[in-house]
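Undergrad: Here is how the chains run, residue by residue.
Number of protein chains: 2
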Amino acid sequence: MLILTKKEIENLLSPEEVINAITKAFTLFHQEQFHMPDRMHAHQGDNTLLLMPCFTESCFGTKLVSVNPQNSQKGKPSIYGVMTLNDGETGEPLALLNGAALTAIRTGAVGAIGIKHTSPENSTKLGIIGTGIQGFTQAIFASSIRPVREILVYDRNEEKAKEFIIELKKALPNIEISICSESETLVEQSEIIICTTSSQTPVIPDNSDLLKGKSFIGIGSYKPDMREFPDALFPLVDQVWVDTPFAAKESGDLSIPLSEKKLTANQIKPISELIIKQNIDQSKTTFFKSVGMALFDVVVAECMYKKALKNNIGTQIQL
Amino acid sequence: MLILTKKEIENLLSPEEVINAITKAFTLFHQEQFHMPDRMHAHQGDNTLLLMPCFTESCFGTKLVSVNPQNSQKGKPSIYGVMTLNDGETGEPLALLNGAALTAIRTGAVGAIGIKHTSPENSTKLGIIGTGIQGFTQAIFASSIRPVREILVYDRNEEKAKEFIIELKKALPNIEISICSESETLVEQSEIIICTTSSQTPVIPDNSDLLKGKSFIGIGSYKPDMREFPDALFPLVDQVWVDTPFAAKESGDLSIPLSEKKLTANQIKPISELIIKQNIDQSKTTFFKSVGMALFDVVVAECMYKKALKNNIGTQIQL
Numbered sequence: 380m381l382i383l384t385k386k387e388i389e390n391l392l393s394p395e396e397v398i399n400a401i402t403k404a405f406t407l408f409h410q411e412q413f414h415m416p417d418r419m420h421a422h423q424g425d426n427t428l429l430l431m432p433c434f435t436e437s438c439f440g441t442k443l444v445s446v447n448p449q450n451s452q453k454g455k456p457s458i459y460g461v462m463t464l465n466d467g468e469t470g471e472p473l474a475l476l477n478g479a480a481l482t483a484i485r486t487g488a489v490g491a492i493g494i495k496h497t498s499p500e501n502s503t504k505l506g507i508i509g510t511g512i513q514g515f516t517q518a519i520f521a522s523s524i525r526p527v528r529e530i531l532v533y534d535r536n537e538e539k540a541k542e543f544i545i546e547l548k549k550a551l552p553n554i555e556i557s558i559c560s561e562s563e564t565l566v567e568q569s570e571i572i573i574c575t576t577s578s579q580t581p582v583i584p585d586n587s588d589l590l591k592g593k594s595f596i597g598i599g600s601y602k603p604d605m606r607e608f609p610d611a612l613f614p615l616v617d618q619v620w621v622d623t624p625f626a627a628k629e630s631g632d633l634s635i636p637l638s639e640k641k642l643t644a645n646q647i648k649p650i651s652e653l654i655i656k657q658n659i660d661q662s663k664t665t666f667f668k669s670v671g672m673a674l675f676d677v678v679v680a681e682c683m684y685k686k687a688l689k690n691n692i693g694t695q696i697q698l
Numbered sequence: 380m381l382i383l384t385k386k387e388i389e390n391l392l393s394p395e396e397v398i399n400a401i402t403k404a405f406t407l408f409h410q411e412q413f414h415m416p417d418r419m420h421a422h423q424g425d426n427t428l429l430l431m432p433c434f435t436e437s438c439f440g441t442k443l444v445s446v447n448p449q450n451s452q453k454g455k456p457s458i459y460g461v462m463t464l465n466d467g468e469t470g471e472p473l474a475l476l477n478g479a480a481l482t483a484i485r486t487g488a489v490g491a492i493g494i495k496h497t498s499p500e501n502s503t504k505l506g507i508i509g510t511g512i513q514g515f516t517q518a519i520f521a522s523s524i525r526p527v528r529e530i531l532v533y534d535r536n537e538e539k540a541k542e543f544i545i546e547l548k549k550a551l552p553n554i555e556i557s558i559c560s561e562s563e564t565l566v567e568q569s570e571i572i573i574c575t576t577s578s579q580t581p582v583i584p585d586n587s588d589l590l591k592g593k594s595f596i597g598i599g600s601y602k603p604d605m606r607e608f609p610d611a612l613f614p615l616v617d618q619v620w621v622d623t624p625f626a627a628k629e630s631g632d633l634s635i636p637l638s639e640k641k642l643t644a645n646q647i648k649p650i651s652e653l654i655i656k657q658n659i660d661q662s663k664t665t666f667f668k669s670v671g672m673a674l675f676d677v678v679v680a681e682c683m684y685k686k687a688l689k690n691n692i693g694t695q696i697q698l
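Note that the protein sequences, when read in sequence, are chains A and B. Per our numbering, residue 380 is the first one in the first sequence, and the count goes up by one each step. Per our numbering, residue 380 is the first one in the second sequence, and the count goes up by one each step.
By construction, these hints were calculated from the structure, which means they are not laboratory data. All of these numbers come straight from a predicted model, not from anything done at the bench. Among the hints, erroneous ones may be present.
Heads up, the list lumps identical chains together, so a pair's fine if it works in one copy or across two of them.
Claimed, not checked - When the alpha-carbon atoms are kept at most 16 Å apart in a straight line, the in silico EDC-like pairs for lysine to aspartate or glutamate are as follows:
(1) 648 - 436
(2) 663 - 570
(3) 640 - 468
(4) 455 - 466
(5) 455 - 468
(6) 453 - 471
(7) 663 - 500
(8) 403 - 652
Here chain A stands alone, though its shape is the one from the complex:
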């Protein structure tokens, strides 16, 4: 069994390779060539353990994610994850991967695919709201898919934003990166805006004129009580593109406007349709919302495993 740590995973695949793997995952999704049982939630007090298995023809894998909200008071991450990857034919365990690093990377690529299919090809100005690990990874992947020259960053915690741009400048030395003190300025000056916060109320101003013609990517909200986008967005978009239909239930970004009839269910479309067969007018206002799914994890984990084996990376243990 090959053990792949955060450090080993982070530099294993190029953004292009991860984006290709996620494109393959969307193709499998569109062709229904996968089996993804409903994820299992186990609760113990305030804490949750999520068990997320998924099967493709070649592999299966299970991501186990623990969410312990009190950890932040102990100076520890509230989320830990491990991913096991098994051979699809024999069930033999092939690899154990750091689940948090895998999630960050594959979500970066999902965001980039949203950008690729919904935003103008020549977009150069990127706005990032939220400066956690996802803000970072989204910036990297977005810059790999569009000719980004300028990144604006907003976080309600300005200290956190300052530390964030120091790190981001190291990773993207040729891009001009600066802080906005208000999300309004960020939206005004960006063409593509990616939200990666855990907010329960919109982080984007509820102002139709400000939002018009921009490409919005929603990453942060994965629960019905989390929301990043305002009501003003919905009259501006023909469709909301999603990575999985579950997004309509799982994310408050969709479930709240749906329940308030500001969005209709038939406006919500899987982005796999855009990938496989159609194009949209990318100069209009667009919105892609991702909540993620285990299929992404297993396809990217397999890709990481194969490259690590080839390049002799990781720790091989005869379990």
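Given the structure of chain A, go ahead and fit chain B onto it with the hints provided.
TA: Frame of chain A, contents of chain B only:
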């Protein structure tokens, strides 16, 4: 995260230490100081993935077991397993253990606890039916809890039985070990009989006179279509002792006699009652049936993890 392989696990704890851990697990079970969600079954064609999480106060863990029946044709084990162990307070992954080795060892101790509480203390003659990994582990653990001087072994595949006793003699050099060519002879000449087969029909003769006064331990049947014990056993026993109430549904050893009214539901009792508060007349015919549960895995895995840490065993990886 500490990675513990089969080899490292096998010699980590003494039978006594594992039996103590399982006794602790039964106490937690009796006091309801655990949370064990229903295990999740994911199917892909003929293959199954079982996801078995369980929480105690100090730890939680998930055993992931894959069952691929076609593997035997490829010369591979049909079952693979990994166990992840996490800190109960923070969710931090602590260890990854070989799941098959963990299962074999903890099931050995569960069988031994059955023997301890249902068989005469001075039993010296042990019969083992079925010569897989469980037959082996049960023999080792049974010999640690009773003054066994003689072990009789039966398997319908006599070649397999011959190889088995060569290995068992190495592990138990002071015990006389021999093959029986029929299970009838084995039952006749043994005081404690442990069945560890995957049979779908009884492996013990349906003969009341033969069974009377013996102590039977059922390990093999964990599905409704698997059965090792004959109808003649049930009129001889006052109760059937089980490791978990699920045994009544999960094992054909109980579900079939229940459906045919050869056994009543109120005859089935958790062995934790025997461990905690009462004794039975061990000279009568007794029957203990185990199907296992995730609580055993998490408690024994924690015990293994702690001892491995203390003795600097295993591979520590900063995941």
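Undergrad: All hints are to be evaluated individually against the structure, with a verdict given for each.
TA: Hint check:
1. In this assembly of identical chains, the alpha carbons of residue 648 and residue 436 never lie at most 16 Å apart, being 26 Å within a copy and 44 Å across copies at closest.
2. Taking identical chains as interchangeable, the C-alpha atoms of residue 663 and residue 570 lie at most 16 Å apart only when both belong to the same chain, with a minimum of 11 Å there against 82 Å between chains.
3. For the homomeric pair residue 640 and residue 468, neither the shortest alpha-carbon distance inside one copy (46 Å) nor that between copies (41 Å) is at most 16 Å.
4. In the homo-oligomer, the alpha carbons of residue 455 and residue 466 lie at most 16 Å apart only across protomers (12 Å), although the nearest pairing inside one protomer, at 33 Å, exceeds that limit.
5. Taking CA atoms no more than 16 Å apart as the test, residue 455 paired with residue 468 passes between copies only; the shortest distance there is 11 Å, against 38 Å inside one copy.
6. In this assembly of identical chains, residue 453 and residue 471 lie within 16 Å of each other by CA distance solely across copies; the values are 12 Å between and 37 Å within a copy.
7. Proximity of residue 663 to residue 500 under the C-alpha cut-off of 16 Å is restricted to the intra-copy arrangement: shortest distance 13 Å within a copy versus 82 Å between copies.
8. Proximity of residue 403 and residue 652 under a CA criterion of 16 Å is satisfied intra-copy only: 13 Å inside one chain copy versus 54 Å between copies.
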